[in-house]
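Asker: If you're matching them up, the sequences are chains G and X in order. Sequential numbering from 1 applies to the first sequence in our numbering. Sequential numbering from 1 applies to the second sequence in our numbering.
Heads up, a few of these hints could be off.
[To be verified] Examples of chain X residues toward chain G, derived with CB under 10 Å:
hint	residue
1	47
2	48
3	82
4	84
5	110
6	112
7	117
8	118
9	119
10	121
11	122
12	130
13	138
14	188
15	190
No lab work stands behind these hints: they were computed from the structure. This structure is a prediction, so every number in the text was calculated from the model and none was measured. Heads up, the beta-carbon is just placed ideally off N, CA and C, and yes, glycines get one too.
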Amino acid sequence: MNSNANRNAKIKLFISRFVVYAILIFLAFLCLFFFWLMFVNSTRSNAQLQSGFALFPKENFLKNFYNAWHDGTIDIPTGMKNSFIVAICSALLTTYFSALTAYGTYVYNFRFKKAVHLFILAIMMIPSQVSAVGFIQLAFKFHLTNKLWLLIVPSIAAPAVYFYMRQYLQATLPLEMVEAARIDGSNEFRIFNQIVLPIMKPAMAVQMIFSFVGSWNNYFMPSLLLNDAKKKTVPVMIGTLRSADFTKFDMGKVYMLMLMAILPVMVIYIILSKSIIKGVTSGSVKG
Amino acid sequence: MAEVTLKNIKKVYPIGDTEKKQRKALKKSKEENPESNKANLQITDEGVVAVQEFSLDIKDKEFVVLVGPSGCGKSTTLRMVAGLEEITSGELYIDGNLVNSVEPKDRDIAMVFQTYALYPHMTVRDNMAYSLKIKKLPKEEIEAKVNEAAEILDITQYLDRKPKALSGGQRQRVAIGRAIVRDPKVLLMDEPLSNLDAKLRNQMRSEIIKLRQRINTTFIYVTHDQTEAMTLGDRIVVMKDGFIQQIGTPQEVYDHPSNLFVSGFIGTPQMNYFDAKLEVENGKYVVNTDGYKVVLSEEKQVRLKEKDVKPQDVTLGVRPDHIVLSENGLKGKVDVSELMGPSCHLHMTVDGKDVIAIVPTEGKKVDYVNKEVDFGFNGNVCHIFSKEDEKNLEY
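With the hints as extra help, turn the sequences into a complete structure.
Answerer: If you want it as structure tokens, here you go:
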């Protein structure tokens, strides 16, 4: 009787695990399959790509890479450099200033604090495309197009990042720690930079990944603000290539460019994900 | 090492939505029932009053303990001394200087928090050295000071660990170390032992006494635990609803509580209360509890006579350890008997009220449960409180 029940329990466990693993494998396949396809396609020539679907890599990887890097119409190394400047500056400044704002509305008591918080959150509801129209008009009126900082500065005001940082602070930063630092003789900026920022490292890492990816992949604003070939970012360049003369059109090159475009994102993710450690504040206060 | 003087300190917090609602509800209940005495004095037109009329002179190197129940304003007072809360009105002097609007960092004070508030990303050494680094002291001096403080607190072996690798007691030592490393003029402690378990709390309490002998500075200590207050303080300040109830040495507060609240708050188990009549018989004050009469001691007679106290209904307070089992006296039925080793705590019901008596066991095992016992007390241990304002009639 007992051994029967035991066997039944084991079978149930096996079935439930089987189902869970099957679903997980399917989801992992869905996520990874398209990356694999992109890699495979980047190793195929235009003719091979026209002939249909393939699951395994072919021999044209280096050729496609050479063609992409030395394309006459687009300057990929410059594009990469521009994208890096915009994405890294945006990621760093967005996370730093959002954290600073979140710290301000969390730690300090001032009049209309609640209203300020709600106002920032309300901005989240406005799609960026709506405000973009006015912004682009402004940029053209002031002759500010083709400037990379024009893509960086507006991205600093990121309500979603602010909200995330504030929630994180609420959960992890005891106000006593700030008070202890004040009594220790620290000024307010020093407290933020030396005490609060290290505690926020995991949140900063997460938001840096998102900001970097968002900025790196941004096509909408750069395509409207950057006309100069020397100032274009990678997504804009890929866009230009797709709309190029169809007689010169090389799909292998496009796939290679896409692969090159996602590589930095992957590297950034791998570097920063190490910083996403749980429980960084454990030990600071009683827990 | 400094004197701290608080003159008529008052703290009022701006009124928030919750308090507004509370006030409305209170007004409504008062309109419906004008006799109701549920008035919450803390909420006024100005806002929520946390501390009022707080005046205290703390001498150099004195250990003063602020004690009271939750929400009595003791932590707020300490935070005002630290500079973490603005003072609504009144004057605060540290070492003779008015510091009302001086930044916490410029007050030369140190504070130990209930939650330790250590910096989690720094090692114990860096935590302790942080304030000294800000002061830009030479590296060797910082090292020497940190090592000295670590030695005093016996945490030298943990200097290179991070707070998360320490136990609660060790973390609290680090927090104390971080405070004493600066040689502050005043050391403030906000319920530093509340988060520790009972055994560790006892141990740390004696550590604080030893520490005090070694570092010789002015201490202001906040606690809700009356044992800590009694054992640590040179003087105790008992607070309730933002008001000081009594200031005195632990012995004074225990022996001569100024009102009913202090008598109940200080001392465990709590003081027993009886409804009694203060009478004068043959020129002597006598307390009559349900026919059981006790002539008050000579010194109490003198004090009552000096104040010309008239015979009246009173609340009589007697501490559990002053109750003795006797053959003739008040009668009570024992509900529970707790054996404490050398003594037994008898929980009795007397006229529907709970009364606790501490009876020495003297090595004998006596079963009191469900039995009726007679008990009494002497005239020198009676505390007589007015029924009207709950004040001790002797003072």
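Asker: The structure should be examined with respect to each hint, and the outcome stated for every one.
Answerer: These are the hints, each one checked on the structure:
no. : hint : in the structure
1   : 47   : violated, 14 Å
2   : 48   : violated, 14 Å
3   : 82   : holds, 6 Å
4   : 84   : holds, 5 Å
5   : 110  : holds, 6 Å
6   : 112  : holds, 9 Å
7   : 117  : holds, 4 Å
8   : 118  : holds, 5 Å
9   : 119  : holds, 6 Å
10  : 121  : holds, 4 Å
11  : 122  : holds, 8 Å
12  : 130  : holds, 5 Å
13  : 138  : violated, 16 Å
14  : 188  : holds, 8 Å
15  : 190  : holds, 9 Å
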